[in-house]
Each structure stands twice: as C-alpha cells, then as structure tokens.
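Peer 1: So the chains spell out like this:
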Amino acid sequence: MSERVVRCSGISRTYQEESVPVHALRDVDFDVFRGEFVSLAGPSGSGKSTLLNIIGGLDRPDAGEVEVAGIELNDLTESELSDLRLEKMGFVFQAYNLIPVLSARENVEFIMQLQGVDAAERASRAAAVLAELGIDGMADRRPGELSGGQQQRVAVARAIVTRPVLLLADEPSANLDSATTKELLELLRTLNETHGVTIIAATHDPLVMSYARRRIGLRDGRIVEDVGSEAA
Amino acid sequence: MHVPVKLLLRLGWRNLFRHKRRNFMLLLAICVAVAGVVVMNSLIRGFQFDMQESAVANLTGHVKVLAPGYRDDPNIEKSFKLAADWQPDLPDVDVEGWAARVRIPAVIMSERETRGIQFVGIDPSQEDISFLGSVAIDGEFLQDADDDRVLLGKELARQLETRVGRRLVIITQGIDGKNREAGFRISGTFDADGTGLEKMFVFTGKHTLQEMVDADVVTEISVKVSQQASEPVAKRELGSLFSNLDVLDWQELEPQAAAMFVYADSAIFIWFLVMMGALIFGLMNTLITAVMERIREFGMLRAVGMRPGAVVLQVVLESTLIMLAGIIVGLLLGWLLVLWLADGGIDLSQYAEGVELAGMRSVLMPRLLPQDLVLVAGLSLVFGVLAALYPARRAVKIKPLEALRR
Chain A
1 MSERVVRCSG
11 ISRTYQEESV
21 PVHALRDVDF
31 DVFRGEFVSL
41 AGPSGSGKST
51 LLNIIGGLDR
61 PDAGEVEVAG
71 IELNDLTESE
81 LSDLRLEKMG
91 FVFQAYNLIP
101 VLSARENVEF
111 IMQLQGVDAA
121 ERASRAAAVL
131 AELGIDGMAD
141 RRPGELSGGQ
151 QQRVAVARAI
161 VTRPVLLLAD
171 EPSANLDSAT
181 TKELLELLRT
191 LNETHGVTII
201 AATHDPLVMS
211 YARRRIGLRD
221 GRIVEDVGSE
231 AA
Chain B
233 MHVPVKLLLR
243 LGWRNLFRHK
253 RRNFMLLLAI
263 CVAVAGVVVM
273 NSLIRGFQFD
283 MQESAVANLT
293 GHVKVLAPGY
303 RDDPNIEKSF
313 KLAADWQPDL
323 PDVDVEGWAA
333 RVRIPAVIMS
343 ERETRGIQFV
353 GIDPSQEDIS
363 FLGSVAIDGE
373 FLQDADDDRV
383 LLGKELARQL
393 ETRVGRRLVI
403 ITQGIDGKNR
413 EAGFRISGTF
423 DADGTGLEKM
433 FVFTGKHTLQ
443 EMVDADVVTE
453 ISVKVSQQAS
463 EPVAKRELGS
473 LFSNLDVLDW
483 QELEPQAAAM
493 FVYADSAIFI
503 WFLVMMGALI
513 FGLMNTLITA
523 VMERIREFGM
533 LRAVGMRPGA
543 VVLQVVLEST
553 LIMLAGIIVG
563 LLLGWLLVLW
573 LADGGIDLSQ
583 YAEGVELAGM
593 RSVLMPRLLP
603 QDLVLVAGLS
613 LVFGVLAALY
623 PARRAVKIKP
633 LEALRR
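Protein chains in written order, with our numbering: chain A, 1 to 232; chain B, 233 to 638.
A couple of the hints might just be wrong.
[To be verified] Listing some non-contacts, in silico: residues in chain B with all C-beta distances to chain A over 10 Å:
#1 Asn247
#2 Leu275
#3 Leu314
#4 Asp355
#5 Arg398
#6 Arg399
#7 Thr404
#8 Gln405
#9 Glu443
#10 Phe513
#11 Met524
#12 Ser594
#13 Arg626
#14 Lys631
[Stated by the list, open to error] Chain B is nowhere near these chain A residues, computed Cβ spacing over 12 Å in every case:
#15 His23
#16 Glu72
#17 Pro100
#18 Ala131
#19 Gly134
#20 Arg142
#21 Glu193
#22 Arg219
#23 Val224
[Stated by the list, open to error] DSS-like mimics (lysine-lysine), calculated; alpha carbons at most 25 Å apart, straight line:
#24 B/Lys313 with B/Lys386
#25 B/Lys431 with B/Lys310
#26 B/Lys252 with B/Lys238
#27 B/Lys629 with A/Lys88
#28 B/Lys310 with A/Lys88
#29 B/Lys238 with B/Lys629
#30 A/Lys88 with B/Lys238
#31 B/Lys310 with B/Lys410
#32 B/Lys313 with B/Lys410
None of these hints come from the bench; they were simulated from the model.
Because the structure is a prediction, the values reported are computed rather than measured.
C-beta: ideal position from N, C-alpha, C; glycine also.
With the sequences and hints as input, model every part of the structure.
Peer 2: Structure, rendered in structure tokens:
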C-alpha cells in the first residue's frame, strides 16, 4: 500500500445557524493515499465542502483527528497551519480567486515568493507549468483578460507549481461550461496520473465524479459510500 | 518564515491603481493636509521667529548686562562703569554685535504736549543689533555718541505736535538725585514697525546723556550672538566678566515673548494633530473599504499560506505607499505655497495693534525649517501606519474560510 496522505478519524463538525445546530459532519472516517484522485460527492449541505476545508486546515473539527502528510492538524496554531498549507497543499477554488492586479505568470509565481524560492527558479518553474497547462501564451495577461477556463487553468497552475503533497479543489467546475470542465478534468487526471499528484475534489458534478478514480459519497454529514478506495 | 516584501510592495503599488478615482481623491486629501500643515507650520515659525527677533531687537539683545535692581527701579543710580575700550571678549561665542547704553525714564515736552518716555543714550555705530539698524528715518540719524540732538519716534512727534528740526525739552534725574533739564533739537524721526516703540523711546548720544546726568556710567550692555545656540555660553561668559551685575537672556527679559515662543512649538504639533487626525479617519475609512472589497482575496492569500503578519504588512504597505505619495506631493505643494507667500509676506498692518501686542511685525514672513519638513513627513508616515492597523486587523481577523465564502 502506498503512503497515506490524509487520515480523518471520527470527524464531527456542527455549525450554529441562527441558534439552530447544523450537523455538517458526523463521525467521518477515511484515509487518502498518495496518487489517489478522490471526489467528495454529495448534494448541497451534505458536508463535502466542510470536510474539504477541515482537511485543508481552513476549518477545525469539533471532534476527531485530521492528519495530513503525517502532521496532526488539531495541534497546530493558525500560523503553523498557514505554513502547512503553503508547503504541502495546493488549492483550486470555485471562483478561481486569482489576484486581479497580477499577471497569470505572477499569480503562479507568488506562492513560490511566499515560500522564498529565488527569482530564477520561480520564473523557470512558472514557465514550465504554464506551458504544461497550455496557457504560456497568456502569461502576461491579467485575470480580467482571461476567460473562465483560462483563469481556472492559471488557478490550477498556481496550485501545482509548488509540487504539493495534496491538491484540494472545491467545486472546480462550478463556473465552467461542460467543454471547459472536461479540459480541466483531463488536466487534473494528467497531473494525477503522470505526476502522481494526490487530488481531493469536493463536487456535486457527475462529470467530475466520473474522472475521479475514487468517490466518497456524503449525505447529511455521513459517508454513505466509498467507491474505488485503494485501501479497499 | 519568509516575508515577501517585494511581492507585497508590488501588490501594494498596483492596488493603488485599482480604484483610481477613490485613491486619487484620497491622495488629494493627503496632499492638501500635508501642504496645509507645511504652510501653517511655516506661518507659525514665521510668527515665532518674528516675535523672538522683535524681542531681541527691542534694545534687548540675546543677553543683557544690567546693574542689580535696575529692572525693578530703572534709574541712573542703578548703573555701572564701563571702560571706554571695553569689548565683549567672549572666547567661545561669535558675537554679532553689542551696544552699551544709558537708558533712563524721562519727561519730554514740546510747546504743546508732555509725555513720559525712555531716554536712551546710544553710540549709533553700535545700534545695528537693535531695531534702529533697520528703521526708516525722516531727517537724520544721530551721528555719534557725542551727538546732542534727539531722535524720536514718528508717533511721539505726532503726539507732541512737533517735527524734525524743532526743539524739545527733556527732564530726567541726575546721578545726584536732582532733576536735570535740557533742550534738544530733533535730528530725525524714526518709523518703527508699530507705534509702541515710536511712543516709548527717545535717543540721543551716549556721552550727551552721560553729561546730562553727570555720570560716566551705562545702565546696560546688550549682546547679540551670531548663533542662537551659543546664547547660554554668552550668558555664562558675561556672567563671569560681570559677576556683581545681573546677566539675563532675552527669555528672562521678555518672558511673555519667550512663553509665546514655546507655545508656537506646541501650536505646530496641535495643528499637525488636528489636520492629520482628521485625515487619518478618511484614510482608515478608505482602507477599510478597500480591505472589505478584497476580503475574498485576503481569504485566498491566507488559505494558500500567507501568514497573518504578511497580510497586516500588505495593508500597512498600501497605506504607507499612498501616504508617501501624498507626503511627497504635499511637501512640494506646501513648499511652493510658502515660496509664494514669502514673496512679500502676509500684510497684517490692518491688525497692527493686535499684532504689536503679540510682539510681531506688521508683515508676517513664513519660515520653512528643514526639520519641520522632516517632522511632517515622518509623523505623517507614522499616522499612515497607525491608520492601517485597524483595517489590517479586520483583514486578518476574519477566517480564511469565511472570507472565501463572501
């Protein structure tokens, strides 16, 4: 069995919405191993985004333990979580979340700047990733000058340029048409298969689910199915 | 943890152009505030130094030597002898000038009017250090210390209903305590800045007055130094030379002017705080708006691993950059305005009496001190940083997840 990248054990999370407790996650257990492409699937309110955020250290569980790349997240401070996200994770957001005043190349480079990578290496790595994702011709354009699909490619480039252990994608196809979604999913699959990037995508899009090799189904905060697990 | 200052500076700079109109208006407000502070500072400094120079020029000097008791009861008995060849030999002080005088109260009479005056015997060649060195004279100035004519103020001549060339009678007390009376021809009238000096002083040759009071004495020595900073040294060294006399600086002799001088320093700070205090809320408001508009961006930055400190630094840098731009343009604008105002100064002659009471001249000349510019620039930057702290706190207080959901 390959190396375990994520371990979730007994994860529960309850929100208060207008004083009414909402059980987003109830006692969720699962592991993700290196090289897996996992979709967290389920309808709205099933808890998939909450689970993704907890794995990404953006939210904390009320109960249970989360481990990413062998590091127990519950024990980390906010700054330590920031460092972990910077060094080990890549994020692809539903709304791309590119920085509008930076060009595509600068958007890809800035994560490496946060890491302290020197300028020459930054430039070479960014150029390579942009070329690999087929957007090297748009490197000097700002997000406002790019289409939705192109922006999402830049977001993916930004997420993978640091060679993260884990790539987390939250509804990556939400703002894309089906053709662009397919292009994006092909890209993610290539990254997964050729570079061994571990991907967890929260989605309710069947197309995304079809590209993932493993599907964890969630409903009312519980895992209702886990199909294609390496551990299985 | 690596702090990507270059990246943050780039983001800060480009964000300035993100909302051009809003940031332009803010920049304009900073420029106007900084220029306003610079102009106001220069006027306060002008007022401050004008007051000081007037105080020093009103026969005071920077340091004065007086006989003990003269200040409480100024008369010829409170005087001291001074060798004819005496010079202020002060080894550690560059003396700009000095004057030994006989100054006593007297009564002056024309054919029509009588007034109380300060009768001052001077050596005209020494009076470059006092207001006499710069006043306009109608008629003639006194020739030397033996001149037996009088020079009086225009206003006093008007009140006495007399004019240049006519004679006056002056009565004062001699060294023996008996009244002395003598007639003097008017050599000229002086036109001082304001009527106070014109009404108060009547000048004649020092030797003439010494003869009149029958005493080869002086009542005061005024010393003016080249560098104000050497004033305490001059006072100390004169104190050593005249250990049995009173040696006082202008602050002690003109306490009201000295108090106003100190007040002017405070006024500069108060004015700065008022202007910048008002500005800081505008800046803070703009930054809060900018932060809230970009809250998703800050959330993303936090989500991908930017530490809270770096987010704070980014907001602070943005504030500092716009403040810096405003300060540079504001200082330039302020400097140009001061140059414009300095071309002739501000004529306050229509408020002459009030101005005179404040110890000022009727034309206010602004003064721009380099240290004031540095102070304005430095404190404005500090204000810029302070204004950014609250919006920066808002930017990091919100959790990345909440920010991303907005």
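Peer 1: All hints are to be evaluated individually against the structure, with a verdict given for each.
Peer 2: Verification of the hints:
1. Asn247: violated, 6 Å
2. Leu275: holds, 41 Å
3. Leu314: holds, 77 Å
4. Asp355: Aspartate 355 of chain B clear of chain A: closest Cβ-Cβ about 74 Å, beyond 10 Å.
5. Arg398: At roughly 83 Å from the nearest Cβ of chain A, arginine 398 of chain B sits farther out than 10 Å, so the non-interface label holds.
6. Arg399: The claim holds: arginine 399 of chain B sits with its nearest Cβ about 86 Å from chain A, beyond 10 Å.
7. Thr404: Label holds. Min Cβ-Cβ 83 Å, cutoff 10 Å.
8. Gln405: holds, 85 Å
9. Glu443: holds, 87 Å
10. Phe513: It holds; phenylalanine 513 of chain B is separated from chain A by about 26 Å at its closest Cβ, greater than 10 Å.
11. Met524: It holds; methionine 524 of chain B is separated from chain A by about 16 Å at its closest Cβ, greater than 10 Å.
12. Ser594: The claim holds: serine 594 of chain B sits with its nearest Cβ about 55 Å from chain A, beyond 10 Å.
13. Arg626: Label holds. Min Cβ-Cβ 16 Å, cutoff 10 Å.
14. Lys631: violated, 8 Å
15. His23: holds, 18 Å
16. Glu72: holds, 18 Å
17. Pro100: Nearest chain B Cβ is 7 Å from proline 100 of chain A, so the label is violated.
18. Ala131: Per Cβ check, alanine 131 of chain A is outside 12 Å of chain B; nearest 22 Å; holds.
19. Gly134: Non-interface label on glycine 134 of chain A holds, nearest chain B Cβ at 23 Å vs cutoff 12 Å.
20. Arg142: violated, 10 Å
21. Glu193: Holds, since 25 Å exceeds 12 Å.
22. Arg219: holds, 22 Å
23. Val224: holds, 24 Å
24. B/Lys313 with B/Lys386: Outside the cut-off at roughly 32 Å; violated.
25. B/Lys431 with B/Lys310: holds, 24 Å
26. B/Lys252 with B/Lys238: holds, 22 Å
27. B/Lys629 with A/Lys88: The hint holds at about 24 Å.
28. B/Lys310 with A/Lys88: violated, 91 Å
29. B/Lys238 with B/Lys629: holds, 24 Å
30. A/Lys88 with B/Lys238: Given pair lysine 88 of chain A, lysine 238 of chain B holds - Cα atoms ~23 Å apart, limit 25 Å.
31. B/Lys310 with B/Lys410: holds, 15 Å
32. B/Lys313 with B/Lys410: holds, 20 Å
In this structure, the hints that do not hold are numbers 1, 14, 17, 20, 24 and 28, in rising order.
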